[in-house]
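Protein chains in written order, with this note's numbering: chain A, 451 to 669; chain B, 451 to 669.
Take these hints with a grain of salt, some might be off.
Chain copies aren't distinguished; within one or between two, either way the pair holds.
Stated by the list, open to error - Computed list of lysine-lysine pairs in BS3-like fashion (alpha-carbon distance at most 30 angstroms, straight line):
1) Lys473 - Lys532
2) Lys561 - Lys473
3) Lys482 - Lys532
4) Lys473 - Lys630
Calculated from the structure, these hints are not laboratory results.
Number of protein chains: 2
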Amino acid sequence: MSDAGTRVRRGLPGLSYPEDYLKRLAGELTVKFAGVFSAETVERYVLESYTALLRTSTVTAHLASRTVRFATDRLTALAQAKGSLGTGVPEILFVCEQNAGRSQMAAVLTKHLAGGRVHVRSAGSAPARELNPAVIAVMQELGLDMAEEFPKPLTDDVVQAADVVVTMGCGDACPVYPGKRYLDWGLTDPAGETIETVRGIRDEISARVTVMLEELVGA
Amino acid sequence: MSDAGTRVRRGLPGLSYPEDYLKRLAGELTVKFAGVFSAETVERYVLESYTALLRTSTVTAHLASRTVRFATDRLTALAQAKGSLGTGVPEILFVCEQNAGRSQMAAVLTKHLAGGRVHVRSAGSAPARELNPAVIAVMQELGLDMAEEFPKPLTDDVVQAADVVVTMGCGDACPVYPGKRYLDWGLTDPAGETIETVRGIRDEISARVTVMLEELVGA
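Please put together the full structure from these sequences, using the hints given.
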C-alpha cells in the first residue's frame with residue numbers, strides 16, 4: 451500500500467473553525483432570544499447552521515456573515531412557530547431543489563410585490579453552492595438586487611413557521627405538516643437555461659405570485 | 451398565465467409529517483439524555499434530523515427508523531463532546547461527499563478490524579439518496595452487512611465528538627476544529643465504477659484502516 455495519498459491537515463487558513471466568533475455570536479443571539487430559547491439551543495443552532503452552510507459553500511469568506519443571517523432567521527422562525535414572536539402577516543415559504551433560482555426569485559418577487567403585507571423565506575432540498583448568475587441578472591433587470599442571497603438547506607423550523615408552503619420541483623423532499631396550505635408550482639428549472647428562458651421563468655413566477663397575493667392579502 | 455401547473459397538496463399519504471411519532475421519540479430521548487440535554491434541545495434534534503434525512507431520501511418508509519438512529523447518534527456525539535458521556539476509546543469520523551461509498555466502507559471495515567478498540571461514525575458533505583449497490587455487494591463478499599446503513603449529512607456534533615477526522619474527497623466541506631487529528635485519504639470515488647474497481651477501493655481502504663489502527667491502538 452502506498453501512503454502517497456494521505457496528508458495530514460492541521461488548521462489550514464480559511465478552513466479553520468472560527469470557534470471564538472461562533473461562540474460570541476451564540477452569546478449575542480442568546481441575549482436576543484432570552485426568555486424564548488435556552489443558551490444551549492441557541493449555541494446548537496449557531497454551530498449546526500455554520501456546518502450546514504459549510505457543506506455546500508465554495509467561498510468560505512462569506513460563511514461567517516451568512517451563518518449570522520441563517521441562524522438568526524431559523525431561531526426567528528422557531529420563535530414564530532412557538533407563538534413567542536408574531537409578524538402579524540402571513541408567512542410564505544418557497545422551496546425548490548437548489549434554492550439557487552426558482553425559490554429565490556419567488557421570495558424576492560413576493561417581497562417586492564407584497565410590500566410588507568406578507569413575510570417570506572426560501573430554502574432548498576439540495577442547496578447549490580451559489581445562486582444561478584442568470585437569475586441574478588434577470589432580477590437585476592427589474593432593479594431587484596440578489597447579491598446578499600445564498601442557498602440554504604430546508605430546515606424544520608422554517609416549515610413550522612410557515613402558513614403557506616410553495617414547492618417548485620423539490621419532489622417529496624418537503625415535510626407536509628398539518629395546518630398549513632401547500633401549493634405546488636410546476637416551473638422550468640433555470641439551471642443551465644439561456645437568459646431568455648430564465649427571464650420567462652421570472653415572469654411566470656411574478657404572475658403566479660400576483661395571483662397568490664390577491665388571494666392571501668387582497669389585490 | 452396558465453394555472454395548470456399548480457396543485458394543492460394536503461397530507462398526501464406517506465409524505466405527511468409523523469408529528470405524534472416524532473414527539474413521542476423526542477420524549478423518549480429526553481428521558482435517555484436527562485441531565486445532559488434539555489427537552490427543548492432534544493426535540494430540536496429529533497425534528498431537524500427528520501427534515502435533514504427527508505431532504506435526500508427517496509424511500510420514506512425508512513425515514514422514521516432512520517430518524518431514531520440519526521438523532522440518537524447525534525445526541526450521543528454531542529454528549530461525548532461535552533464530556534458527559536465517554537466511550538473510553540478513540541472516536542473516528544469518516545467524511546466523504548455522498549456518504550454512500552468510501553466513508554461507509556471505511557466505517558464498517560474499521561468496526562470490523564478494530565473489534566471495539568475504537569468507535570466509528572461516518573457522514574457526507576452532500577449525502578446521496580441511498581448507498582451505492584456495488585459497495586453493498588463488495589462488502590457482502592467479506593460477510594459485512596450494510597443493509598441498515600444510510601447516507602447522513604455532516605453535522606457539527608459528530609465533528610465535535612471526533613478525535614480523528616478522515617476526509618476522503620469532500621473538498622473543504624469539513625470544518626477543521628482545533629485539537630483534532632485530520633487525515634485526508636486520496637481515494638477513487640466508487641460512484642459509477644465497475645464492481646472490480648469498487649473491490650479495489652474496498653481493499654485500499656482496508657489497508658489504510660489497518661495502518662491507522664496500528665498507529666492509534668496498536669497492532
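Consistency of the hints with the structure:
1. Within a single copy, Lys473 and Lys532 get their C-alpha atoms as close as 25 angstroms, and across copies as close as 15 angstroms, so both meet the 30 angstroms cut-off.
2. Taking the closest pair of Cα atoms, Lys561 and Lys473 never come within 30 angstroms of each other, the shortest separation being 32 angstroms inside a single copy and 34 angstroms across copies.
3. Taking the shortest Cα distances, Lys482 and Lys532 sit within 30 angstroms of each other both inside one copy (16 angstroms) and across copies (24 angstroms).
4. In this assembly of identical chains, the alpha carbons of Lys473 and Lys630 lie at most 30 angstroms apart only when taken from different copies (18 angstroms versus 35 angstroms within one copy).
The structure is inconsistent with hint 2 alone, although it conforms to all the rest.
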